[in-house]
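Chemist: Take a look at the letters that make up each chain.
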Amino acid sequence: MLKKIFESIGKYFLFLKMVFRKPEKWRLFWRQFVNESDKLILSSILIVGVISLFIGGVLVIQTASNLENPVIDKMYVGYMVRESLILEFCSTMIALILAGKMGSNIASEIGSMRITEQIDAMDMMGVNSAGFLVLPKVAAATVLSPLLMLLSLVLGLIGGWFVVETTQIIQTASYITGIKFCYNGYYIFYSCFKMSIFCFMISSIAAFNGFYAKGGSLGVGRSSTRSIVATSILILLFDLILTQLMLY
Amino acid sequence: MIKVEHLYKSFDGVPVLKDINVEYEAGKCNMIIGASGSGKTVLLKNLIGLIEPDSGEICYGDRKLSGMSYKEKTELRCHIGILFQGSALFDFATVLENVMFPMEFFTDWSAAYRKERAQYFLEKVNVTGSDNKYPNELSGGMQKRVGIARAIALNPSYLFCDEPNSGLDPYTSILIDRLISDLTKEFNMTTVVNTHDMNSILEIGDKIGFISKGSMLWQGDRHTILQTDCTELRDFVCANTLARNIIEGHR
Numbered sequence: 005m006l007k008k009i010f011e012s013i014g015k016y017f018l019f020l021k022m023v024f025r026k027p028e029k030w031r032l033f034w035r036q037f038v039n040e041s042d043k044l045i046l047s048s049i050l051i052v053g054v055i056s057l058f059i060g061g062v063l064v065i066q067t068a069s070n071l072e073n074p075v076i077d078k079m080y081v082g083y084m085v086r087e088s089l090i091l092e093f094c095s096t097m098i099a100l101i102l103a104g105k106m107g108s109n110i111a112s113e114i115g116s117m118r119i120t121e122q123i124d125a126m127d128m129m130g131v132n133s134a135g136f137l138v139l140p141k142v143a144a145a146t147v148l149s150p151l152l153m154l155l156s157l158v159l160g161l162i163g164g165w166f167v168v169e170t171t172q173i174i175q176t177a178s179y180i181t182g183i184k185f186c187y188n189g190y191y192i193f194y195s196c197f198k199m200s201i202f203c204f205m206i207s208s209i210a211a212f213n214g215f216y217a218k219g220g221s222l223g224v225g226r227s228s229t230r231s232i233v234a235t236s237i238l239i240l241l242f243d244l245i246l247t248q249l250m251l252y
Numbered sequence: 053m054i055k056v057e058h059l060y061k062s063f064d065g066v067p068v069l070k071d072i073n074v075e076y077e078a079g080k081c082n083m084i085i086g087a088s089g090s091g092k093t094v095l096l097k098n099l100i101g102l103i104e105p106d107s108g109e110i111c112y113g114d115r116k117l118s119g120m121s122y123k124e125k126t127e128l129r130c131h132i133g134i135l136f137q138g139s140a141l142f143d144f145a146t147v148l149e150n151v152m153f154p155m156e157f158f159t160d161w162s163a164a165y166r167k168e169r170a171q172y173f174l175e176k177v178n179v180t181g182s183d184n185k186y187p188n189e190l191s192g193g194m195q196k197r198v199g200i201a202r203a204i205a206l207n208p209s210y211l212f213c214d215e216p217n218s219g220l221d222p223y224t225s226i227l228i229d230r231l232i233s234d235l236t237k238e239f240n241m242t243t244v245v246n247t248h249d250m251n252s253i254l255e256i257g258d259k260i261g262f263i264s265k266g267s268m269l270w271q272g273d274r275h276t277i278l279q280t281d282c283t284e285l286r287d288f289v290c291a292n293t294l295a296r297n298i299i300e301g302h303r
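Line by line, the protein sequences give chains A and B.
Residues are numbered in this note's numbering as their position in the first sequence, beginning at 1, plus a constant of 4.
Residues are numbered in this note's numbering as their position in the second sequence, beginning at 1, plus a constant of 52.
Chain B extracted, bound-state conformation:
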């Protein structure tokens, strides 16, 4: 579980996050949603420690992120998997080497076992026969899948995904969403997904937090989001035709 309490962050005096309070549970797809520029990515970067908050606490279980030493943070990061918006696969490594990368650094497993395990996770995300290809030889969807395989290669307790289906076609987006959801449940990970894609939200949003202008205005799940009274959220949701039609159908 990840707990965020009274989190504030500003850049050059401009507040970007204001009093964020939220809890992310294990085995669930927790989503951070909001329009572009609302502060989603800043919140995610605070959660993974890429940005230091101005004030407030982020707790992994009962351990406070702010009080951790460099060594403790490094140790924690071995339990965190991240899927970046652009996949962030290493250009210098093949698909297989990308997935094996964290294992090479943090385990003493034999080369044969690392390879076997990497291939197992590549199969899990339906990427087979591309072991020796380089990232630039893969499609966007394939890169995301390899990114997911790399993120979960060490069986992390926490998985963070930054806009996992940006730039993907609707079909591939749904496949990636389901993959994230299935893996979250299978490995009982605490998954946090940062997105503004309504299809993803309605498909896998077990817990949803809506951010607008740096404030967390609403929390709920995919079943309650369409009945919300929050005006900003309703505007955000109704920007999607499908969701608008569903809401109007309800009414």
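Next up, chain A with everything else stripped away, as it sits in the complex:
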């Protein structure tokens, strides 16, 4: 068991070595980068947006219901919602959602290419298949995912504002004051950085599992499941490590 885990880790790093070889043609790399940005990032906007709006709203209700003490200013509801969104929800929770959405997409796409011999065909042409197929995905996911985090933050705050407006659970002015209170720009950087690292793991681990998929369509399904489970656990582990390193 332990031997198998270490073998997989070694194989993963050898795979990354192939992925990060210099692209044969930069023109083709940029074309693929644009395609992958559309497929992985733009297509995730809807799900990220919907979830963020609702979670923002829910956070407002939950926080307000826990701050009913008259001594505590209601603006702290806005403050706590903002901090929760920036520090944890917009990076870690969104990354866990993307592990399912983006990870299964990448693993199944590359896995199907493996079992239908498309990757073999590329290798036989002399093309670095790992570089051509995986590098643009990893680059797009790593570089552009902070935009999803920022979008999630904005929509989460809007979702909270919408609930405040419609339910008057607290005054809108207090909510707005709260989300502007004690702003720390470093937290935004921390969250964007975490998101990049998580999306790097999601894309590279999913691609790795798909690239070495075997056993027909069942194998593709297995590789997809394996990548989601592995990345979900690693996201939580790295969340802990990065938080300790960057915030304490």
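It is worth saying that the hints were derived from the structure and are not from the lab.
Each hint should be verified, as a subset may be incorrect.
Claimed, not checked - The calculated lysine to aspartate or glutamate pairs, modelled on DMTMM-like cross-linking and capped at a C-alpha distance of 20 Å, are:
| no. | chain 1 | residue 1 | chain 2 | residue 2 |
| --- | --- | --- | --- | --- |
| 1 | B | 259 | B | 127 |
| 2 | A | 26 | B | 106 |
| 3 | A | 43 | B | 143 |
| 4 | A | 29 | B | 160 |
| 5 | A | 218 | A | 113 |
| 6 | B | 125 | A | 28 |
| 7 | B | 125 | B | 109 |
| 8 | A | 29 | B | 156 |
| 9 | B | 123 | A | 124 |
| 10 | A | 8 | B | 64 |
| 11 | B | 97 | A | 127 |
| 12 | A | 218 | B | 156 |
| 13 | B | 97 | A | 124 |
| 14 | A | 26 | B | 143 |
| 15 | B | 123 | A | 127 |
| 16 | A | 26 | B | 160 |
| 17 | B | 123 | A | 87 |
| 18 | B | 97 | B | 57 |
| 19 | B | 97 | A | 121 |
| 20 | A | 15 | B | 104 |
| 21 | A | 184 | A | 121 |
| 22 | A | 26 | B | 124 |
| 23 | B | 70 | B | 57 |
| 24 | A | 7 | B | 64 |
| 25 | A | 29 | B | 149 |
| 26 | A | 29 | B | 127 |
| 27 | B | 97 | B | 127 |
| 28 | B | 123 | B | 149 |
| 29 | A | 29 | B | 124 |
| 30 | B | 125 | A | 124 |
| 31 | A | 218 | B | 64 |
| 32 | A | 218 | A | 28 |
| 33 | A | 218 | B | 143 |
| 34 | B | 125 | A | 127 |
Unchecked claim - Which stretches of chain A does chain B cover? Using the computed rule of at least three CB atoms under 8 Å from a CB of chain B, they are:
| no. | stretch |
| --- | --- |
| 35 | 22-34 |
| 36 | 112-123 |
| 37 | 128-134 |
Backbone N, C-alpha and C define an ideal beta-carbon position, used for all residues, glycine too.
Once you have looked at the hints, place chain B on chain A.
Modeler: The following block gives chain B in isolation, referenced to the frame of chain A:
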């Protein structure tokens, strides 16, 4: 020319190829035949470098495959065209883009010339009017043709075909066989076809190697295969009714 000398390969201690010795000549349709599980595909994958042999040599001209660096292998692969069993067309690309794919990677030709050349090869394999279709919109026969067009797009010196007519109707199979044979002669390629289809063997087999249980038991051509004394080969050939009738007719 491709030369194979004393090739051995095993998986988990089970020998799959045993002392294979064969030469494949240019301008000819060289065929690897045998029953399913006999080792044909393993031999083909060894020839194209997808699998490393346990021992033995594979030489392309006077260059040994085993001694080549990554760069040399990549360079050699630009001279190799492969038609995979399931065609292996790229799902993300249209028919035209599939044929243009190797040109985009390995040449600096202009986009207009790449397109013109891709269309020329698509015409050669009788696929016209489907430039912008995706592989899943094509029939099996059409996919094979596009696969062939892609395989020969860079004028390779070597063409490998893994069961080119599996899953095709007899008529389309013959068309694909003739196409491979005609292109081999026209471009003087060293073509190696892996098949167990007797019609193909009798139609285009310029040189035939019969594999059974990992050993190359017989070598000859389509004219001599029906008169063979090799029992295993005769059993294999006689599994086909047409061939059995011809053999019985001879007798």
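Chemist: All hints are to be evaluated individually against the structure, with a verdict given for each.
Modeler: Status of each hint after checking the structure:
1. 259/B to 127/B: 27 Å, violated
2. 26/A to 106/B: Not satisfied, since the Cα-Cα distance of roughly 31 Å exceeds 20 Å.
3. 43/A to 143/B: 15 Å, holds
4. 29/A to 160/B: 10 Å, holds
5. 218/A to 113/A: 13 Å, holds
6. 125/B to 28/A: 15 Å, holds
7. 125/B to 109/B: 15 Å, holds
8. 29/A to 156/B: 8 Å, holds
9. 123/B to 124/A: 17 Å, holds
10. 8/A to 64/B: Within the cut-off at roughly 17 Å; holds.
11. 97/B to 127/A: 12 Å, holds
12. 218/A to 156/B: 29 Å, violated
13. 97/B to 124/A: Judged against 20 Å, a Cα distance of about 10 Å means the pair holds.
14. 26/A to 143/B: Violated, at roughly 24 Å.
15. 123/B to 127/A: The hint holds at about 13 Å.
16. 26/A to 160/B: 18 Å, holds
17. 123/B to 87/A: Given pair residue 123/B, residue 87/A is violated - Cα atoms ~52 Å apart, limit 20 Å.
18. 97/B to 57/B: 15 Å, holds
19. 97/B to 121/A: Satisfied, since the Cα-Cα distance of roughly 12 Å is no more than 20 Å.
20. 15/A to 104/B: With a Cα-Cα distance of about 18 Å, the restraint between residue 15/A and residue 104/B holds, given a limit of 20 Å.
21. 184/A to 121/A: Not OK: residue 184/A and residue 121/A at ~55 Å, beyond 20 Å, violated.
22. 26/A to 124/B: 17 Å, holds
23. 70/B to 57/B: Holds, because 11 Å separates the two Cα atoms, which is no more than 20 Å.
24. 7/A to 64/B: 19 Å, holds
25. 29/A to 149/B: Roughly 16 Å separates the two Cα atoms, so the pair holds.
26. 29/A to 127/B: Holds. Residue 29/A to residue 127/B sits at ~15 Å (cutoff 20 Å).
27. 97/B to 127/B: Holds. Residue 97/B to residue 127/B sits at ~18 Å (cutoff 20 Å).
28. 123/B to 149/B: 25 Å, violated
29. 29/A to 124/B: Satisfied, since the Cα-Cα distance of roughly 18 Å is no more than 20 Å.
30. 125/B to 124/A: At roughly 14 Å apart (the allowed maximum being 20 Å), residue 124/A and residue 125/B satisfy the hint.
31. 218/A to 64/B: 17 Å, holds
32. 218/A to 28/A: Roughly 27 Å separates the two Cα atoms, so the pair is violated.
33. 218/A to 143/B: 19 Å, holds
34. 125/B to 127/A: Holds, at roughly 10 Å.
35. 22-34: It holds, with 3 qualifying residues against the three required.
36. 112-123: holds (count 5)
37. 128-134: With 4 residues closer than 8 Å to chain B, the stretch 128-134 of chain A meets the three-residue bar; holds.
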